[in-house]
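Here are the chains, one letter per residue:
Protein chains: 4
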Amino acid sequence: MNKDLKIFENSESEVRSYVRSFPTVFTKTKGYKMWNKEGKEYIDFFSGAGALNYGHNDDHMKEKLIEYITNDGITHSLDMASVAKATFLEKFQDVILKPRDLDYKMMFPGPTGTNTVESALKLARKVTGRTDIISFTNGFHGMTIGSLSVTGNSMKRKGAGIPLQNVVTMPYDNYVNDQDSLDYLERFLEDSGSGVAIPAAMILETVQGEGGINAASFEWLKKIEAVCKRWGILLIVDDVQAGIGRTGTFFSFEPAGIKPDIICLSKSLSGYGTPFAMTLVRPDIDKFAPGEHNGTFRGNNHAFVTAAAALDYWKDDTLENNIKIKSQKIIDFLEKMVEKYPEIKGEVRGRGFMVGVASEVDGLSNKIAAKAFELGLIMETSGPNDEVFKLFPALNIDDEGLNKGLDILEESIKSVVKKPVTN
Amino acid sequence: MNKDLKIFENSESEVRSYVRSFPTVFTKTKGYKMWNKEGKEYIDFFSGAGALNYGHNDDHMKEKLIEYITNDGITHSLDMASVAKATFLEKFQDVILKPRDLDYKMMFPGPTGTNTVESALKLARKVTGRTDIISFTNGFHGMTIGSLSVTGNSMKRKGAGIPLQNVVTMPYDNYVNDQDSLDYLERFLEDSGSGVAIPAAMILETVQGEGGINAASFEWLKKIEAVCKRWGILLIVDDVQAGIGRTGTFFSFEPAGIKPDIICLSKSLSGYGTPFAMTLVRPDIDKFAPGEHNGTFRGNNHAFVTAAAALDYWKDDTLENNIKIKSQKIIDFLEKMVEKYPEIKGEVRGRGFMVGVASEVDGLSNKIAAKAFELGLIMETSGPNDEVFKLFPALNIDDEGLNKGLDILEESIKSVVKKPVTN
Amino acid sequence: MNKDLKIFENSESEVRSYVRSFPTVFTKTKGYKMWNKEGKEYIDFFSGAGALNYGHNDDHMKEKLIEYITNDGITHSLDMASVAKATFLEKFQDVILKPRDLDYKMMFPGPTGTNTVESALKLARKVTGRTDIISFTNGFHGMTIGSLSVTGNSMKRKGAGIPLQNVVTMPYDNYVNDQDSLDYLERFLEDSGSGVAIPAAMILETVQGEGGINAASFEWLKKIEAVCKRWGILLIVDDVQAGIGRTGTFFSFEPAGIKPDIICLSKSLSGYGTPFAMTLVRPDIDKFAPGEHNGTFRGNNHAFVTAAAALDYWKDDTLENNIKIKSQKIIDFLEKMVEKYPEIKGEVRGRGFMVGVASEVDGLSNKIAAKAFELGLIMETSGPNDEVFKLFPALNIDDEGLNKGLDILEESIKSVVKKPVTN
Amino acid sequence: MNKDLKIFENSESEVRSYVRSFPTVFTKTKGYKMWNKEGKEYIDFFSGAGALNYGHNDDHMKEKLIEYITNDGITHSLDMASVAKATFLEKFQDVILKPRDLDYKMMFPGPTGTNTVESALKLARKVTGRTDIISFTNGFHGMTIGSLSVTGNSMKRKGAGIPLQNVVTMPYDNYVNDQDSLDYLERFLEDSGSGVAIPAAMILETVQGEGGINAASFEWLKKIEAVCKRWGILLIVDDVQAGIGRTGTFFSFEPAGIKPDIICLSKSLSGYGTPFAMTLVRPDIDKFAPGEHNGTFRGNNHAFVTAAAALDYWKDDTLENNIKIKSQKIIDFLEKMVEKYPEIKGEVRGRGFMVGVASEVDGLSNKIAAKAFELGLIMETSGPNDEVFKLFPALNIDDEGLNKGLDILEESIKSVVKKPVTN
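Note that the protein sequences, when read in sequence, are chains S, E, V and W.
Mapping to our numbering: the first sequence position 284 is 284, numbers consecutive.
Mapping to our numbering: the second sequence position 360 is 360, numbers consecutive.
Mapping to our numbering: the third sequence position 303 is 303, numbers consecutive.
Mapping to our numbering: the fourth sequence position 213 is 213, numbers consecutive.
Here chain S stands alone, though its shape is the one from the complex:
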């Protein structure tokens, strides 16, 4: 056992996971780079599972944060008013909502993805007076009981220790070959004998991260929105992972041209990796009573400060253009890999900087990610059987970083497919 890791193995719960995939102790990070205690450098194609879309320790945000702390700005304010919060509210209105012609109220739940999802589900049930939620196959929305109930993964669901209720799972786009999953969904809703009640809401990710980098088509998303409208069902887009630029636009659903009733944001919202979450709510359904949903850390001013600074990235289209250009480069690269190494039996998936390769070969993706780590590249796998190796570089990565990462990836693939695959 690595002696530096001993304290983790001795003191930390068995539930720890990433430290098992990346068994080293990190100290310093910058942009797309990470260093361990021994000074070894890693390229980061993982980005905190989508929480570090702007890379590590962005200088602009860092400066603002240090300045705030140095001046004894209020750190913890619950939902009292603070200057830092006012600044964020105004800037989010000006930089994000208004230019997109969106009109949402901002709600601050506890600062994690699962908390924003819980707030959305509760609100949808309260507003509609209905109990059921429709979720989709391979959706991932969090690990607290409410969010877990709309999450598909069976291992994670079993962890609840109780039956998860008030939820109906419907097939995501392209779930069954040659069948339009919406035909089922609509039939179930139309037929008063279907056993499926009109739900309070549907919740979905436009691109499923944990579920295996499944990207819904814009057409499917538009139809889903239409179905929701037809039946008076609220549409919740969980943009915790796919949002904040990950798929190419601030909100992942922008290019589909839809307007969800509720939007869940977290992960990269604070920009700097500090805990933060926000639920955007259509004004006419903003019906919680004061304090009916709350949370101690809903006023994390350090996050307000960095989140406001991060919005500067969205004042012009530089970042969006960078994503567009480099995304194509990554996808081209992955297509090439799949062709060049047929042993992968791979399929390229995803959109923007949320892409990956699903391999039909059992265990292969994990082997590639493990090899990559050895060679200095951080990346993870996803999908119900970890069958997808996924690439989540920082959105502002430069050519040098991207090339270096892709080179390591190819080397890892080559090394793995050459060996006979054993489990």
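No wet-lab data here; the hints were simulated from the structure.
Since the structure is predicted, the reported quantities are computational estimates derived from the model, not experimental observations.
It cannot be assumed that every hint is accurate.
Same chains, same names: a pair is fine if it fits in one copy or spans any two.
[Unchecked claim] Mimicking DSS-like on lysine-lysine, the simulated pairs with C-alpha atoms at most 27 Å apart in a straight line are:
#: 1; residue 1: K315; residue 2: K287
#: 2; residue 1: K329; residue 2: K287
#: 3; residue 1: K315; residue 2: K371
#: 4; residue 1: K62; residue 2: K223
#: 5; residue 1: K126; residue 2: K3
#: 6; residue 1: K62; residue 2: K28
#: 7; residue 1: K126; residue 2: K287
#: 8; residue 1: K40; residue 2: K62
#: 9; residue 1: K329; residue 2: K418
#: 10; residue 1: K30; residue 2: K62
#: 11; residue 1: K287; residue 2: K156
#: 12; residue 1: K105; residue 2: K37
#: 13; residue 1: K404; residue 2: K30
#: 14; residue 1: K158; residue 2: K37
#: 15; residue 1: K229; residue 2: K40
Based on the hints, put chains E, V and W in the right spot on chain S.
Quick look at chains E, V and W alone, frame taken from chain S:
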């Protein structure tokens, strides 16, 4: 409308609450003091609802945090290993667990109180294979569906929009006059015809914060522990609000001489007000599979840094002594108030720095808190009908701050009881 | 193995139970007597668990039934109108409801106790819009999921295979020594932080049969009714076992002077042992839509015929007087047994013809019942641990039958307590 | 108001339904004929919703029943052994199970369809240790909470007053045009990220009665059986309505060549319309403890007597042949009607004597049934919107009766389609 508050009223969800009680915009804070935009100073007897036990922006922690940020220490690490995390793990072992002869594994859920509670409930169910949890009247454990199911408050429960299940509520200590609540609890467990199954766990706060500053006797806590042992029920102490010194010792249950199977910590654990939570688990029930419970912000290194620094407060007994001495002073003061102003129809409640006065007069406590805010003192009410005005000063408050706060409080009481009370 | 019982052991499910306590094949019955294939006579102090309050094959009802069948009266009519049903409706109005100044609508669910309970729970939830039901410790209401959820017995609850929900169990009268169970119940309802919501209904038996012959005091029942009124909670009396004269009056609650909102009847309602059930509903809450609750055998005309005939027993007070006189005799006898045989460590329980002795000696009651069977007396045990041997003779039993049964009972007791008790 | 119906309107609950469709008071019945008080004769194409497959008051059964009652045979025996029950057990083995090479244990729940379904669901959950059941769109299984949870009809589900849980609804055969519903089902089971857990059981009707006379293909049923075997899921066939010859064979699933793990029987099982139900259980999963599921009327000896007599119909193939020949005649007739009266926009559905016509015209089927009643024919409608008029004649109807009924039906159709349809 105050023009500074306009952005909150226009942009933020109706769910916002404290800003309604404390309608001003805060900028700067230090220790037990807060200042608004106009430079008005407030004494803080609220302490972020227990998240700021060491006061605001403690200099020692601040220095460590700025140093860490300046050096580009890794900010967001999920459950990868980092030097900051290793330091915290070691220090928590050395300063807290070992001296108390405690042996727990540390689990890091999402960084909020409700997330640690959810992790505890899931683990208890998984380990025992049972579904029910026994909670107690007026318990408060959080707002996500799992935690909300063990929370007593009816307004908050209704916010779920679904029936909350797999939970049985039992009477807390002293719930019914002249009846020993444990007689009921034991009878229900003993009788195989009671309709109450042996639960996976009992969850309780040793002093109920939101529930109205109800302090369980040590004897009751000891009996609860014995009942749990007798029936193989796990005992979860939710020390999110009562822990980290708030009642006089690091863990609130120390003077009762009990050893819970699972402990939930959050709020003041990070010391600086940054989001953080930890679930302590008896090693033999540390049975989650890797990743079976997780959360994006479970590796908030800024919190590791300040939390480790905060532990320096516990290296000797200075802080504990300060609490003991000043707690007596506060309680004496409150007893005096109740006697001097019989119009309050008050009862002094609580322990350590978690104390308050329950008034039988409808609406009186809220009036006193509102007056106090006007006069420059931040404090809130709790209890099912907001009948308790509660005092939560920083644990390291000095005599000057304490006296000043108490003076304002008396002035507020006097002012309120002199007026005819109307609703 | 008895060769006559072989077909049962080979063909019938393991779930069969009474055939194990009374291992013989019955052929003929009359009044309080039963005969097996070999012609052995048994005195029946069991009365089909309360379904044969008028004894077996009552001649008056028999005559009416044969006449009806012979004339090809409609047998099965669902809820179409039939002459037999009209006759029952009219007679029940005239003989039962009007003289007691009661005004209920009659609803016919599937012809079993559990079906009437399910109809009552559903109706209460529909009418109030609330989801929870308050049930009481050691209540027994049936084995389908709705009724089982309000049943206390843990073995039976586990048989559900799913967590049973939407129910809160409260302590029945005298559940904990020296504590008024209503203080507890009211505290939970009053306190908005108790975790217990105002329920749709409370459901209770005035004397608990399966639960161990626990008889609620009239005072307790009156207070329960008052609590229900105060909070707008519907009161459901499950009179399936305690009703139809078993405790001395047609409805068991008559002497308590209460008027439930919903009443569940079954077992002896048909009089002849044919399946039948009826739910009585206060007219203003008779809110099911047509067919919203139904069941194929809700129109069992054979039962309408015998049930109408059985009502003749209630045209004067002969039967009630017989119960009163003989009940005292039985209770006196049981008190004498408890005194004479202190080895029983017994307590006499119950009311009317629903009485028994609870023994503190593990397994003793079952031994007495087994011995009684050997000696020609059919009786069973009840209570969470089968600790009560119970006497359920036919309400119209004559002195000879009663004396004979009691003699066998004493002989059984004597025989059992003389032997060293082993398990 | 008809004065004979007055007592029903005044005394009976609003939940009554068939009396509204057939507003007359019946007295006498024989075979396929019914007479009201005024002596008007009706042809019965309804057969007690499938509870009177052998017609009303069959002479053979009647004789046996009167003989039994006359001789004071035991009427009510719970699950004690009786000669009448032994006779039924033996005869069911000899006439039904052995010739079909089937080996089931017989379990007697409360004597209604919903009770046998509840027993099946409980047993499946107990045996597998799993909580979920897969049911199918438009399935109907009963009105108690367990059975209602697997029932599709939304009006009936809402009557529960609580969310119905632990159930997943899958599409029945041919649910969505041109899509194989099994692809969908299998995909959900295979994919560990689907959100659908491997269930304890699937429950289905081979022909859905209440759901609209939807007949599953034998191929679909075989595939369902194979899927169940593959995943270790128990297959429950609810043959309450489709069984006992209704579709042409004693068990409805015989021609499909499948062997369910659990079979639910009721309705026509007793033959005479007396309440009765039986759950057949594969011996190796016959795992209830004694009394773990029970019910007061599980030993209805009148039903044992008539059910045993009814089995004589199955000693040779006379009845089966009659069904086969007349079924074709009925179907031909219905096809002709659909062709001749295109205004119906009709589709012929069903199998055996469980057939009907689904009309696309809103309200038309109800109008036809109402007209038929006027003209002396009893028939009802089914389907989520009552869009199907269904024909359920007695299985032993003769040509005269059948022709007379079909003539009235055509007259009714003619009369209705001629009028402009209004709602």
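Notebook entry, point to check: Which of the listed hints are broken here?
Noted result: 1, 2, 3, 4, 5, 14, 15
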